[in-house]
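Here the protein sequences come in this chain order: A and B.
Numbered according to the numbering used here, the first sequence spans residues 25 to 430.
Numbered according to the numbering used here, the second sequence spans residues 88 to 483.
Hints are computed from structural coordinates only; laboratory data are not their basis.
Fair warning: this is a prediction, and the values are worked out from it, not measured in the lab.
Glycine residues also receive a C-beta, built at the ideal position from the N, C-alpha and C atoms.
Don't take each hint at face value.
[Claimed, not checked] In silico DSBU-like links for lysine-lysine, alpha-carbon gap of 30 Å or less:
| # | chain 1 | residue 1 | chain 2 | residue 2 |
| --- | --- | --- | --- | --- |
| 1 | B | K319 | B | K400 |
| 2 | B | K477 | A | K144 |
| 3 | A | K31 | A | K44 |
| 4 | A | K198 | A | K244 |
| 5 | A | K80 | A | K44 |
| 6 | A | K347 | B | K477 |
[Claimed, not checked] Covered by chain A, per the in silico footprint, the following chain B stretches (three or more residues, Cβ under 8 Å):
| # | region |
| --- | --- |
| 7 | 211-221 |
| 8 | 356-369 |
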Amino acid sequence: MLPSDLKPEQFASYPPEARKLVINYLGTLRQLPLSFVPGLLRELIDYDFKFPAERKAHERELGHVGSLPTDQLKDWFGAFSAIRLSDQLQSFDWVKAPAQFVEQLSAHLWSTQQLDSFRKASNDYADRLRAAVPPELPPVPRLGISVIGQGVASYDQPLFRKLRAHGAYFTAVKPDNGLRLLLEGIADRANAHPAPYAHWYIDGGEPESHSPALTSVSYKALEPARSALLRRIQTELDRPGMGPEALRTLLAQTRPADLGMSSASIDHPKDEVLERFEVRLLTEGSGTQIFSTVFAQWAAREALRRAQPLTLLVRFAPRQRQKPMNELLTQISAAPEVDLIGSLIDGDMAAYYNWVNQQRLPGADQSSFLVWFEGHSQALAIGPSMPRGTASHSAADLGQLLAWTT
Amino acid sequence: MIAQNRRGKATFRASASDVEGASRFLARTRRDFLRTAAGMTLGSTLLRSPWARAATTSRKRKVVVVTFGGGARDQETFAPEGQENIPHLMRELIPQSSFFTQVVNRGILGHYVATASLATGVYETINNFASLPPQSPTVFEYYRKDLKRPSSDAWVVAPSNGFNRIGESSHRSYGYGLGARVILPKHLLTAATSGHGADYQHLLRDNYETPYYAPELSGSEFELQQLEMILKLSVDDFKAHAQTLSSPDELSLYIVRQLMRQVAPSLLWITLHDIDIAHAGAYSLYIEGIRRTDRLCSDLWKTIQSEPEYAGKTTLFILPDFGRDSDDDAGGNGFQHHRTGDALSRTTWMLVAGPGIREGAVFDRPMESTDLVPTLGSMLGFSASLARGKPVSELL
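Take the sequences, apply the hints, and build the full model.
Now the structure itself:
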């Protein structure tokens, strides 16, 4: 089937808001090439469970594409139309299962050596869209904080090497009460600039007590879901004929209820947007099910990419020591042996990625970033007011550092 | 991943021509790093070595190819900040080698299919995660058929179950009975411990690309009983030595040494994969993998120089099958994967050492992964007639 054959009734299985949005733009979608539309539907099918920033981005994208006259549409999507697709792809039910179609399209592009062409078409489209519909600047400059090295007594190797050229390196930070000061600082921001999913606290271990104004995700809180997911994978793998593709499809279809997550109470009303986000962290992220440092990095990446928060504090906790993959995947231990130094090195690189991902968002030139070696005197701050590539040996606590950074 | 690319907000945008430009930039950067750190010269300005010509005529010439299933990026290896992770390559191997800075893989960036492409000289399109033979003839089949060599003369030591078909293609003019013998050391160890290898679990890590799934074995893999018959290694000795090792690649190298001593094949292909732990996302484990691989490459070179059957007549090729994603591509997640198809993930390097190979030379002209097999053909005297690449003239 081609996009030109699309009919409203084919979207009956879509969640209500997604269905409404797609049908509203059906006339536009009918004019777009098959190599493009399923990728868009893959995003739109989850519209009901997306963060506000994503929803707004989809609406703006559809609004602009829908406003283009036919000749401009041809121009914008010509490179996608030139992608050769197989009969098998054309006959796939991509309206019902756009994610699976995209998986198969990806394999097709690699094997037919069209990946570079598709990549260029995609990047050109994204650039054009950004120029035509510039992303909105945040109401307040973004702040990212990474806290690394929890539990490490001492470490004599240099830290923050990838970030030092971009900011000021502090060597005499007073560590007392440091995490509390940071959590209070971000709570103040959340109260001053309230917005749904705009202020986040991600913990790779057990979260500290924090303001309810923060959106919180933690490795510890998801332990029952991680166990349930690994059991589900193991059960499925024992079925005859199960392979990587079938497993990926199964993971993509996993919902919070499948992992025992959807238990609402009066104190904790159900937040399906966040629950679906958490499920995707576990089903789409590689290593997020077994290593807490990887979970925290991936959660931060996805929160930045999808929710575009104004504030994000990520605290890395010790991950379990490496064991054979099959053992890591099948045995969840209540008290696994941890790798403190390995976790610090993981966190140091992940902090760099947190900064890189924050800088991809609108308003990057005004954004600030702080990374602290938890319990120790080393930190690094990046921001418009921070001199680049410098070092400071002045004593300061984390509250002061936060104030200087922002 | 495609959707992520399409919807990503990358600051680095690469078109097809940009990819070529980025590959050239990577090559120049590698050359500059090497010239600074190891005192290498720019090979393209030098004359061809008469030793190379003499060596190609030797009937006793042997070749050992080492591929990494899971490349490492420059910033963790050849760049100034990465050189601490590869002391053996930098100080021992590279000064004795010809080094090619720009080896581009234009095929599918999955480890099994990319290794199959390296071994056939054709960009293979087989399913990366299925137990399938390459579609085009492998280097082992060309070698054995053209030179009438016995099966004992071409061997593959490979990391995971998925590689058990790598030695022999499904091509109708080659294929059955003409390929290499394949050893999967982890499979052997599993068999040796009768599936109760609690003490050996650290050596039995399988495919990091699909950590949940290992394909069923099929084909003619090396059986346990042949351990004693061919490698002259009792199951008890094998198990006892395995307990002293710390990773799957160390186990592979142990088997390689035994194979070199007992069988001395003239064409030996080893695929390492410890670096590919990067897929789990833990940076410290990826760095550990690079450091271990660096040490194992040095150990292998020392073994080649000390084994009478190999010393003075063996050419060693070391090359990753491809690279890993750049930090700059919003579609990827940095070192963790190789999914974006960006220049960094497609561009890698090759190191060649041995008699007749110019020492301390750097070549930064572009070559492709598919050039390996025709080069081996020119060196060993067989025709890789269906391979798509071209022989690397600087080695001939």
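The hints, checked one at a time:
| no. | hint | result |
| --- | --- | --- |
| 1 | B:K319 with B:K400 | 24 Å, holds |
| 2 | B:K477 with A:K144 | 28 Å, holds |
| 3 | A:K31 with A:K44 | 13 Å, holds |
| 4 | A:K198 with A:K244 | 28 Å, holds |
| 5 | A:K80 with A:K44 | 15 Å, holds |
| 6 | A:K347 with B:K477 | 42 Å, violated |
| 7 | 211-221 | holds (count 3) |
| 8 | 356-369 | holds (count 5) |
Going down the numbered hints, you'll see the structure goes against just number 6.
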